[in-house]
Amino acid sequence: MTAQPAWSQLSRLFDEVIALAPPDRERRLAQLRLDDADLAAQLEGLLALDAAPGGLLDRGLEGLGGAASAGPAAPEEDLSGQPVGPYRLTRRIGRGGMGTVYAAEREDGRFQQRVAVKVLASGGSPELLRRFDRERSILATLEHAHIARLLDAGSLGERPCLVMELVEGVDIVTHCDERRAGLRERLRLFGEVCAAVAFAHQHLIVHRDLKPSNVLVSGEHGVKLLDFGVAGLFDPESPAAAATTVARRAFTPAYAAPEQLLGQRVTTATDVYALGALLHELLVGVPPAPRLASGDDGRSPLAAALAAVPAPALEATAAARGLSARQLAHALRGDLAAIVAVALRPQPERRYRSVQELADDVGRHLAAKPVAARGDDRAYRLRSFARRHRAALAASALAVAALVAGMLLALTQAREARSEALRARALRRFLTNELKREVVDGSLEAGGPRLGAIFARGLPNVDEDFAGEPEVAAEIWSIAGETFRMMLDEPRAIAAFRGALERRRALYGDGDARVALASGDLATALIQHGDLAEAQPMLEAISRPGVLPGEQRRDMLLMLSRVHVLRSNLGAAERARREALALTLALPGRRPEERGEGLDRLASVLYLQGRMRASERTLGEALPLLRVEPHRLAVVWLRRAYALHHVGDLAAAAEAYAAARRIDGARANWVGARIDCGVGVLLAERGDAGAARDALAEAGALEVSDQQGSLEYREAGLPCAAVAAWLAGDLDGFRAGLAGSGKEPAPRSPQDTSLREMFVAELLLAKDQPAAALPLCQAVMRARDASPELLPWRRAEPRLLRAVALRRLGREAEAGAAIGRAAPVVAAAVPGHRFLRLAGAG
Amino acid sequence: MTIDGAPLHGSFAELYEELRRLAHAQLRRGGSRPTLSTTAVVHEAYVKLAGAGPRWDGDEHFLSLAARVMRQVVVDYARTQGREKRGGDLHRVDLSDDSGAGEVPVEELLAIDRGLERLGREDARLEQIVMMRFFAGLTNGEIASALGLSERSIERDWRKARVFLLATLGGKGS
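Chains as they are written, first to last, in my numbering: chain F, 371 to 1212; chain C, 2 to 175.
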């Protein structure tokens, strides 16, 4: 089959289908076959490939080798039949890093003996010669039942040779798989390997290249370790010598410890790692993913490997151990995962201190005794924390696995990072990403409550689980708070953040930045829950100078300013935002757009204060600095247009609306509707009702098409439906349009308020209720008089409307005088203004 | 290899040269039976250039580049081998230094490279992930932190890329 046509469609379907359980998958495929048989066939082809072995793609390129690019390899000469001392080479049996290995027979007639002879490759470098020599001297000192013995040394022409015990066997992994050996049998054999390596270590010999092909199993002799070929003598008593014991690149990457990959010092711990890798492969069938010193994600390598193996392959692996995939996963979850994790720790000093300790732990596991790996292992206890809530875990396996893995990752990184700030950031970043993704996927609703349930049930045990590590406990309380907050479960978020704050306060004492940050978290949740009165003093305390570093203090000031805005303390909000802006400007290495963002926030508060000119100018300053997506940029232009519109500078406002409109993509959603709506009001004010209705008709269509807009009205004036009703003279429709905008937006500028009231007054007049309109007009007059930035015609506007009401009420003398004063002012600025017609002055 | 229009200025070119140099040095170092560990090359380059242990976080730039360079090195290498052995009409070339590790089929490697080109035209991100995982030998975890994605999504993408490539291999590539 070919994957060429409609890959994007196939790709989406593939994602969808592999996420389904087999019965659901079958149903989905059946449906698809009906809908589009071709597509279904292609998809099934891909699914078959997903389960099929992938050859080179799966094996990877590690260890890709061959002739140097400088030239082709000399063809390997077959030396079978040649004599080496009393031995005659009979057949080639293998090739290792050191040379070629032949089976040979002793032929001097004294006794029949079959041996293995390793012949150094022709054209060997001096380096290879030295290594070869070293191997000879090392092996001579080693005599152990599980180590292939060195019998003799000789030469074949110029080439040195080693004569060794011939082991007729297969490598340990193949041996186990062929026999479908169970886990206990595998562990027993592994114990023999450990015993041999431990013995070599006692003789100050490190193997350095332990891997399955160097560990053979033969029927009679059990395990035999081959090829101490890269072993180097080392002497713990002699640091000078030890310092030079640097790994050469004679290792196999899949089994190589991080220190080998990085060319650092090789010790017995290097063999502990390789043994961990061997154990890993014996258990799950694949060597572990490479682990780097700083890339320790703290998660169990076994669990990661299990997760990475496709289901069909896992079934096969399990079957080779006489188990089902489920049983295998279960068996590898506890002690064994811990043992492998400790052996494979990237930092040599954190692994088992000796091979003996590793062997002892495997022995304890076989005897069902508690293993040392699970003792002082933070990662283990975190896993046990998760395991205690296995039901919930099983329910949302992926989400929770990711969460727990993320916690481990963050905690492990934190150990290295040392700094609390880094640690908190790591945790937060993980959680935020993960939860955001859930929100984006739409899976939060399904996974969220379960995530929450884990924390809700687990939190009471955290202090006990982390008895010796109160910092970790505090951190988990904080993570829980963050999780609840993002799930909009504010009461729990508040409780968890309070827990985190208490614990950090006890740990670090008041005045510590970490305590202040915990207060900040708590305050954020309180704000979200609407407990502004409690949040405010907390934020005031931690946003004082000297408590937090500049950037964090700025964030706290911004949070505080939000509280002020919500509580209508606009002066205080403005001060906080100005201070935040000043801090931003002082930040080293700040980006230019950060100033733009600060100005943008300041402009919002100025707008709310009714300081339209200042707001508009501030936005003008911010606009060239902002680096935001087009849609956000259009909103900023829109706000600038509103400010100008309210001030009464209709020409400049029209330009700003036009600028917002010109931004690519701005008209695709509610922003477009708001722009058209503002333009509609402006046109109506100028007296062009027809054009206004046209603009609004378009806006209405846009608005209905995007529900999201309703959340944004607080920033964006009147709903289009209300404006359209106003234009149609429909008071009930206007009120319904306002109500239809959802929650009553909290903060509102005096201008927005006066606009609404004036619209209502106008509509009341149209319904011939001048008495009801009169007080509204007076309220608008007072509001606008309090705003010195407004152009004179904006202040004359409500006066003109009031005069119309007075006239309708029969108070002609008052009305005439008022019209005489107000009409010329309005007429001069907006010649076609609709009120002029109402007043008979147009 | 093209550099996909990325700017070839100072540090970029330096990085590129360094990676190539290390890969070839590793091949030379092996004497008559060299081994190429792409993982080791990438790590070594990183340690050298960053002066620190690998910490991929946010190093999308470095790793993408490393992956592309490794792809080129490996493919060039395989092509050379293929040409040299083609005289004897051998389609499989013994590239192994270890009797246990088997052989690397050059044709398969080149077919993967061709398939990857096609994949790149359909989905550049999948191509990038294959280059990082297959050619540069990075783990899902390393790729995830470099790209700022979850390991889960890397694994998902890898699975998808894998079947795409297997499909093109089965169809004899391009």
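Hints were generated in silico from the structure; no laboratory data involved.
Heads up, some of the hints might be wrong.
Unchecked claim - Partner residues are not named here, just some residues of chain F that face chain C (Cβ under 7 Å, in silico): (1) PHE384; (2) ASP420; (3) PRO423.
Remember, predicted model here, so these are calculated numbers, not experimental data.
Cβ coordinates follow ideal geometry from the N, Cα and C atoms, glycine included.
Evaluated hints:
A cut of 7 Å between beta carbons decides the hint on F:PHE384: the least distance to chain C is about 6 Å, and the hint holds. The beta carbon of F:ASP420 comes within 5 Å of a beta carbon in chain C, closer than 7 Å, and the hint placing it at the interface holds. Hint status for F:PRO423 relative to chain C: violated, with the closest Cβ pair at about 9 Å, above 7 Å.
When the structure is compared with the earlier hints, a violation turns up for hint 3 alone.
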